[in-house]
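Undergrad: Based on the sequences and whatever the hints tell you, model everything.
In the numbering used here, the protein residues as written are 576 to 749.
Everything labelled a hint here was simulated from the structure, so no lab data went into it. We treat Cβ as the ideally placed atom computed from N, Cα and C, and that holds for glycine. One thing to keep in mind: the hints can contain errors.
[Stated by the list, open to error] Straight-line Cα separation of at most 25 Å, SDA-like style, residue types lysine to any residue; simulated pairs:
#, residue 1, residue 2
1, Lys-655, Lys-720
2, Lys-655, Gly-588
3, Lys-655, Lys-729
4, Lys-637, Pro-714
5, Lys-720, Phe-735
6, Lys-601, Ala-619
7, Lys-637, Glu-615
8, Lys-637, Ala-689
9, Lys-602, Ile-741
10, Lys-637, Ala-614
11, Lys-721, Pro-703
12, Lys-700, Lys-729
13, Lys-721, Glu-706
14, Lys-720, Pro-703
15, Lys-617, Glu-649
16, Lys-655, Ser-591
17, Lys-602, Ser-643
18, Lys-700, Phe-735
19, Lys-700, Gly-590
20, Lys-605, Thr-685
21, Lys-700, Lys-720
22, Lys-679, Thr-705
23, Lys-676, Thr-743
24, Lys-679, Ile-741
25, Lys-655, Asn-726
26, Lys-729, Thr-713
27, Lys-617, Ser-598
28, Lys-676, Glu-645
29, Lys-655, Gln-634
[Unchecked claim] Derived CB-CB ranges, DEER-like:
#, residue 1, residue 2, range
30, Glu-692, Met-737, 44 to 50 Å
31, Tyr-733, Glu-618, 40 to 46 Å
32, Thr-743, Lys-655, 29 to 35 Å
33, Ser-626, Ile-746, 35 to 41 Å
34, Tyr-733, Asp-625, 41 to 47 Å
35, Ser-591, Arg-666, 25 to 31 Å
36, Ser-717, Ala-678, 41 to 47 Å
37, Ile-746, Asp-625, 52 to 58 Å
38, Asn-622, Ala-742, 30 to 36 Å
39, Asn-677, Lys-729, 27 to 33 Å
40, Lys-729, Ala-682, 42 to 48 Å
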Amino acid sequence: MPNSLERIGLVAGSGSLSSEFVSSAKKRGKHVSVVALSAEVKEALSNEADSVVHIPPTQPNKIIRFFSDENVAEIGLVGKVEKSILFQSWRFDLTVLRFMKNAKNTADATVMDAVIEFVEENGMKVMPQTEYLDHLITPRGSITKKNLRQNQRKDAEYAFQMARSIATLDIGQT
Numbered sequence: 576m577p578n579s580l581e582r583i584g585l586v587a588g589s590g591s592l593s594s595e596f597v598s599s600a601k602k603r604g605k606h607v608s609v610v611a612l613s614a615e616v617k618e619a620l621s622n623e624a625d626s627v628v629h630i631p632p633t634q635p636n637k638i639i640r641f642f643s644d645e646n647v648a649e650i651g652l653v654g655k656v657e658k659s660i661l662f663q664s665w666r667f668d669l670t671v672l673r674f675m676k677n678a679k680n681t682a683d684a685t686v687m688d689a690v691i692e693f694v695e696e697n698g699m700k701v702m703p704q705t706e707y708l709d710h711l712i713t714p715r716g717s718i719t720k721k722n723l724r725q726n727q728r729k730d731a732e733y734a735f736q737m738a739r740s741i742a743t744l745d746i747g748q749t
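TA: Structure follows, in structure tokens:
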């Protein structure tokens with residue numbers, strides 16, 4: 576049985592990144608405990624992770640309790656969370672109700688910040704997604720045989736700044 580330093584957790588939304596995360600962590604010798612935010616995700620990951628439970632995102636205290644019981648101190652947050660999932664279950668715990676009452680807005684970035692804060696308040700750390708998905712990231716530098724000219728580089732840097740700014744506006748995919 577792995578010790579607590581080798582145990583990691585994953586809150587898994589939909590999409591292929593959750594499976595990719597589990598696979599990468601397992602290749603590095605980690606024991607992976609997963610909270611699947613939907614029954615479909617649980618089914619998809621049941622043969623990959625060491626332990627998988629389905630707990631809806633409306634039950635954050637249950638999620639924390641599961642990871643505590645699994646001796647997990649560090650978790651990843653990966654995959655898409657459809658806002659419709661939030662309304663499939665009317666069993667919200669008090670934490671969610673408090674968040675909804677105090678939230679400035681329901682923008683994705685605001686919700687994510689609140690989730691990270693909640694996890695850390697409960698003694699766990701949220702790891703960057705790149706921790707186990709780094710193999711999916713394009714390396715720094717040019718990926719083509721042709722380098723950008725100075726004016727093209729300036730345009731690309733400006734576009735990247737704009738994309739980051741747009742992401743905080745919660746107006747769609749960037």
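Undergrad: With reference to the structure, classify each hint as holding or not holding.
TA: Consistency of the hints with the structure:
no. : hint                             : in the structure
1   : Lys-655 with Lys-720             : violated, 34 Å
2   : Lys-655 with Gly-588             : holds, 5 Å
3   : Lys-655 with Lys-729             : violated, 32 Å
4   : Lys-637 with Pro-714             : violated, 38 Å
5   : Lys-720 with Phe-735             : holds, 21 Å
6   : Lys-601 with Ala-619             : holds, 16 Å
7   : Lys-637 with Glu-615             : holds, 19 Å
8   : Lys-637 with Ala-689             : holds, 16 Å
9   : Lys-602 with Ile-741             : violated, 35 Å
10  : Lys-637 with Ala-614             : holds, 16 Å
11  : Lys-721 with Pro-703             : violated, 32 Å
12  : Lys-700 with Lys-729             : violated, 37 Å
13  : Lys-721 with Glu-706             : violated, 30 Å
14  : Lys-720 with Pro-703             : violated, 31 Å
15  : Lys-617 with Glu-649             : holds, 20 Å
16  : Lys-655 with Ser-591             : holds, 10 Å
17  : Lys-602 with Ser-643             : holds, 23 Å
18  : Lys-700 with Phe-735             : violated, 28 Å
19  : Lys-700 with Gly-590             : holds, 23 Å
20  : Lys-605 with Thr-685             : violated, 30 Å
21  : Lys-700 with Lys-720             : violated, 40 Å
22  : Lys-679 with Thr-705             : violated, 28 Å
23  : Lys-676 with Thr-743             : holds, 21 Å
24  : Lys-679 with Ile-741             : holds, 18 Å
25  : Lys-655 with Asn-726             : violated, 36 Å
26  : Lys-729 with Thr-713             : holds, 20 Å
27  : Lys-617 with Ser-598             : holds, 15 Å
28  : Lys-676 with Glu-645             : violated, 31 Å
29  : Lys-655 with Gln-634             : holds, 17 Å
30  : Glu-692 with Met-737: 44 to 50 Å : violated, 28 Å
31  : Tyr-733 with Glu-618: 40 to 46 Å : holds, 44 Å
32  : Thr-743 with Lys-655: 29 to 35 Å : violated, 18 Å
33  : Ser-626 with Ile-746: 35 to 41 Å : holds, 37 Å
34  : Tyr-733 with Asp-625: 41 to 47 Å : holds, 45 Å
35  : Ser-591 with Arg-666: 25 to 31 Å : holds, 29 Å
36  : Ser-717 with Ala-678: 41 to 47 Å : holds, 42 Å
37  : Ile-746 with Asp-625: 52 to 58 Å : violated, 38 Å
38  : Asn-622 with Ala-742: 30 to 36 Å : holds, 34 Å
39  : Asn-677 with Lys-729: 27 to 33 Å : violated, 42 Å
40  : Lys-729 with Ala-682: 42 to 48 Å : violated, 30 Å
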